[in-house]
Amino acid sequence: MTTSAPSGRKPRHLTVDRIGVYAFLAIAAVFFLLPLWIMLMTSLKTMEEIRLGSIIAFPSELTFEPWLKAWASACTGLDCNGIRVGFWNSVKILIPSVALSIALGCVTGYALSFWRVKGANMMFGILLLGAFIPYQVFLYPLVRIFATTGLYNSLACIVIVHVIFGLPVMTLLFRNFYAGLPIELFKAARVDGGGFWSIFLLVILPMSTPILIVATILQVTGIWNDFLFGLTFAGRENLPMTVQLNNIVNSTQGERTYNVDMAATMLTAIVPLAVYFVSGRWFVRGIASGAVKG
Amino acid sequence: MASVSMAAEAAVPRTRRRWNAAASLALLPAAVIVLVVYLGCMVWTVRLSFSSSKLLPVLDWVGVRQYSRLFANERFLISVENIVLFGVLFIAGCLVLGFLLAVFIDQKVRSEAAFRTIFLYPYAMSFVVTGLAWQWFLNPTLGLQKIVRDLGFESFTFDWLVNQDMVVYTLVIAGVWHGSGLVMCILLAGLRGVDEDLWKAARIDGIPTWRVYLSIVLPLLGPMIVTAVVLLATSVVKLYDLVVAMTHGGPGIASEVPAKFVMDHFFERNNIGLATAAATMMLISVAAVLAPWVYARYIRPQGRRA
Chain W
1 MTTSAPSGRK PRHLTVDRIG VYAFLAIAAV FFLLPLWIML MTSLKTMEEI RLGSIIAFPS
61 ELTFEPWLKA WASACTGLDC NGIRVGFWNS VKILIPSVAL SIALGCVTGY ALSFWRVKGA
121 NMMFGILLLG AFIPYQVFLY PLVRIFATTG LYNSLACIVI VHVIFGLPVM TLLFRNFYAG
181 LPIELFKAAR VDGGGFWSIF LLVILPMSTP ILIVATILQV TGIWNDFLFG LTFAGRENLP
241 MTVQLNNIVN STQGERTYNV DMAATMLTAI VPLAVYFVSG RWFVRGIASG AVKG
Chain R
1 MASVSMAAEA AVPRTRRRWN AAASLALLPA AVIVLVVYLG CMVWTVRLSF SSSKLLPVLD
61 WVGVRQYSRL FANERFLISV ENIVLFGVLF IAGCLVLGFL LAVFIDQKVR SEAAFRTIFL
121 YPYAMSFVVT GLAWQWFLNP TLGLQKIVRD LGFESFTFDW LVNQDMVVYT LVIAGVWHGS
181 GLVMCILLAG LRGVDEDLWK AARIDGIPTW RVYLSIVLPL LGPMIVTAVV LLATSVVKLY
241 DLVVAMTHGG PGIASEVPAK FVMDHFFERN NIGLATAAAT MMLISVAAVL APWVYARYIR
301 PQGRRA
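Residue numbers (full-length UniProt numbering), protein chains in the order written: chain W, 1 to 294; chain R, 1 to 306.
Treat the hints loosely; a few may be bogus.
[Claimed, not checked] Residues from chain R shown here face chain W by an in silico Cβ test under 10 angstroms; the list is partial:
#, residue
1, 125
2, 132
3, 209
4, 215
5, 218
6, 282
[To be verified] One-sided excerpt, in silico: chain R residues whose CB lies under 7 angstroms from chain W:
#, residue
7, 29
8, 121
9, 222
[Unchecked claim] Pairwise CB distance ranges (calculated):
#, chain 1, residue 1, chain 2, residue 2, range
10, R, 140, W, 95, 39 to 45 angstroms
11, W, 237, R, 20, 39 to 45 angstroms
12, R, 77, W, 23, 39 to 45 angstroms
13, R, 198, W, 22, 22 to 28 angstroms
14, R, 193, W, 184, 25 to 31 angstroms
15, W, 210, R, 157, 50 to 56 angstroms
16, W, 26, R, 193, 25 to 31 angstroms
17, W, 210, R, 219, 31 to 37 angstroms
Worth flagging that the hints you see were computed from the coordinates, not collected in a lab. All C-beta atoms, glycine included, are put in the ideal place defined by N, C-alpha and C.
If we strip away everything but chain W, and leave its shape as in the complex, we get:
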């Protein structure tokens, strides 16, 4: 996404080809937008209208009731406090996880790029391969380790897990960025007597703003969207929004309230969508540079 000049053939004005191009793009856009449109419309209707009408139609009677219900009183089992519980849990998980995983990735990437430590490249190689291995291979022993230390099913536990599994991508991201910085900069700082931490804090970190933004976008969306780790490690008290959403929608007793379900789904999608729409090209840069994560 570095160059932005289109390189396709030159357009001729309004020929059959051009109409074809726009028709294809329009149909594709409908395919991509339709699920979002349906979610939104469903969440603004009464259950009666959903049962009788078409799910793509605009609501004849606009109601925001489902959104309020989804937020404040939707039920997971006997617990009827709405998805806001999960929302705040996700926020509590998100902030320390993002901060710590970026801090660790940043320092590790810096140490790998500018300092020679025995065995460091070997470690980096294993770390990268680790990014491809399915999480199921690590989960059970990790659960045992956390259970032994008494941390299992706590906020600290889920934060540590996010730091662990965010490490490969974060390290790679920062290492690649630092490998692109001029080495003379580092040498000059060394000559001036800078040590490991002083060079990091005074020279390297102030130059890292762009990659810090990319890392933040990547981690915020990644951790917010996580389901597997939250389900396994967070414990009943800290279930993130995605897990709670699935519980609300898929384990309802009796008749399903589709409008509330869809409002809850929209609410869960809002954070990553907001990050996506606000960050624009930064998001693209994130997936282009560090998209090892599945």
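Once you have looked at the hints, place chain R on chain W.
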């Protein structure tokens, strides 16, 4: 995997540096994570797959008994069949749709940015949200089927979500919807890198545009396509959330996948031996795909250089 290869080729600058306590200390957390989690937990899982562990892990040795049980397990066999079918169709679908989107967007269209935003936004959403959205859209009574019937096609039936033979294809549709924007994004970057002279030359020779894309541009995009395939393949192996949210493995066990098999046997069925055996099989299949790539990329070139 452009990013990974970049890391390997951008060698650490060769300056004379002495051993530094602070640098080693800074790498300690990462080293501990690698040793304990990425190596330790992996070895532990493989070891447990040769034990008779049920509810609690025990370290006895039963040989490959768990593996023979695994391959006699209908649910596991269906899971493997599903993940292969899903993997092939999902990757192919994302590549074809992503390539088409990239090519059509590259025709100097108006409001290009708007189209790009629309095609990529699903990728920002979680698989849980994706699964629930499609579960509702494809709902056999109120969803797509009803829309088409209301248009006047009374006998139209679309019940894939509750049809044992078709349910995997609904996962593919949702997956392609989620992932093809990523492919578009990667390939569009590649298209923008194609030399303008190439287009002029092709025009002079009178080669039709579609021929140029298929025979000249597509081969040029090779490395980008490899990157996209590796990214998509890792999400295939990890496929779990989408299934849990959209079909919960059903109807019956028709849409089970290996990752869900492992999770269910760990935490619901308390059969650690069988779960670790299945997890080890996942590890082996990933390693089988990864090994030739690592060899071709890192080990062989190094040997040649020496």
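Against the structure, the hints come out as follows:
1. The closest approach between the C-beta of residue 125 of chain R and any C-beta of chain W is roughly 5 angstroms, which is under the 10 angstroms cut-off, so the hint is satisfied.
2. The beta carbon of residue 132 of chain R comes within 5 angstroms of a beta carbon in chain W, closer than 10 angstroms, and the hint placing it at the interface holds.
3. Interface hint status for residue 209 of chain R: upheld, as the beta-carbon distance to the closest one in chain W is roughly 6 angstroms, under 10 angstroms.
4. Nearest Cβ of chain W to the Cβ of residue 215 of chain R: about 15 angstroms, over the 10 angstroms cut. The hint is violated.
5. Restraint check, residue 218 of chain R versus chain W: the minimum CB separation of about 14 angstroms is more than 10 angstroms; hint violated.
6. Because the closest C-beta pair between residue 282 of chain R and chain W is about 5 angstroms apart, less than 10 angstroms, the hint holds.
7. A cut of 7 angstroms between beta carbons decides the hint on residue 29 of chain R: the least distance to chain W is about 6 angstroms, and the hint holds.
8. Hint on residue 121 of chain R holds. Least Cβ distance to chain W is approximately 6 angstroms, under the 7 angstroms limit.
9. For the restraint placing residue 222 of chain R at the interface with chain W, the shortest Cβ-Cβ distance is roughly 17 angstroms, beyond the 7 angstroms limit, so the hint is violated.
10. Checked against the hint of 39 to 45 angstroms, the C-beta distance between residue 140 of chain R and residue 95 of chain W comes to roughly 41 angstroms, which is consistent with it.
11. The given range of 39 to 45 angstroms is respected by residue 237 of chain W and residue 20 of chain R, whose C-beta atoms sit roughly 42 angstroms from each other.
12. Under the hint 39 to 45 angstroms, the C-beta atoms of residue 77 of chain R and residue 23 of chain W, about 44 angstroms apart, fit the expected range.
13. Hint check: residue 198 of chain R to residue 22 of chain W, Cβ distance near 25 angstroms, so the stated range 22 to 28 angstroms holds.
14. Against the hinted window of 25 to 31 angstroms, the Cβ-Cβ separation of residue 193 of chain R and residue 184 of chain W comes to about 29 angstroms, which satisfies the hint.
15. Between residue 210 of chain W and residue 157 of chain R the beta carbons are some 52 angstroms apart, a value that agrees with the proposed interval 50 to 56 angstroms.
16. Between residue 26 of chain W and residue 193 of chain R the CB atoms are about 27 angstroms apart, so this pair conforms to the stated range of 25 to 31 angstroms.
17. Separation of residue 210 of chain W from residue 219 of chain R is about 33 angstroms and conforms to the stated range, judged on CB atoms against 31 to 37 angstroms.
The structure is inconsistent with the numbered hints 4, 5 and 9, although it conforms to all the rest.
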